[in-house]
Amino acid sequence: MEFGLIALPFFALLGGCLENGLVSWEQEILQQAVVDAGRQIYTGNFQTTNAGVTDAATLISRFRTAICTQPSGAARITIFTCSNVRVSITQASNYASATTVSPVATNANGVSDWNANFQSYTCAGASAIMVVQAAVDIPVFFPLLGATSSSLPNKRRVLQAATVFKVEPYATKSVCS
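So in my numbering, spot 133 of the sequence shown is number 133, and the numbers just go up one at a time.
The hints are simulated quantities; they were obtained by calculation from the structure and are not laboratory data.
With beta-carbon atoms standing in for the labels, derived distance ranges: (1) L14 x V101: 28 to 38 Å; (2) I6 x S83: 40 to 50 Å; (3) G16 x T43: 39 to 49 Å; (4) S61 x A7: 46 to 56 Å; (5) L14 x G125: 47 to 57 Å; (6) F11 x G125: 50 to 60 Å; (7) P71 x I6: 45 to 55 Å; (8) N109 x G73: 44 to 54 Å; (9) A56 x N84: 12 to 22 Å.
We treat Cβ as the ideally placed atom computed from N, Cα and C, and that holds for glycine.
With the hints as constraints, model all of the structure from the sequences given.
Shown next as structure tokens:
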């Protein structure tokens, strides 16, 4: 009888702890992936590899592929679906004005959904200050303590990662149109 009274809260708390650990691990994977992929922009490698490509959707897709690939070229082990990662690469005039864009927006009915203005690509010229962001949604299994209060509908949570850097001067023809 006593175990029956204690079992439900115990297993709910255990599930919540496991989910928080899993979310922390997923957050770390996403942050490291953004830093690794951002380094390709930082060094000018991404720009020179994609010279002549002007379609923002194609460049975002290629950067998403860079996020999902380790620097060694092997596929990055993730729990989230890489094709669901949303990317925003913007330029700032200086570090003080380097701000992030929220990947989630609330509509007039008070419902959160993906921000249509989040996904963007700005070509990074030499010495430009860049803000690279990524966001992905993951399921929430144990919505304890309001874990989904600022998330997407259907019990989804948004993970975000960002990095800000000044692009190194790289010697190449003009790759940004």
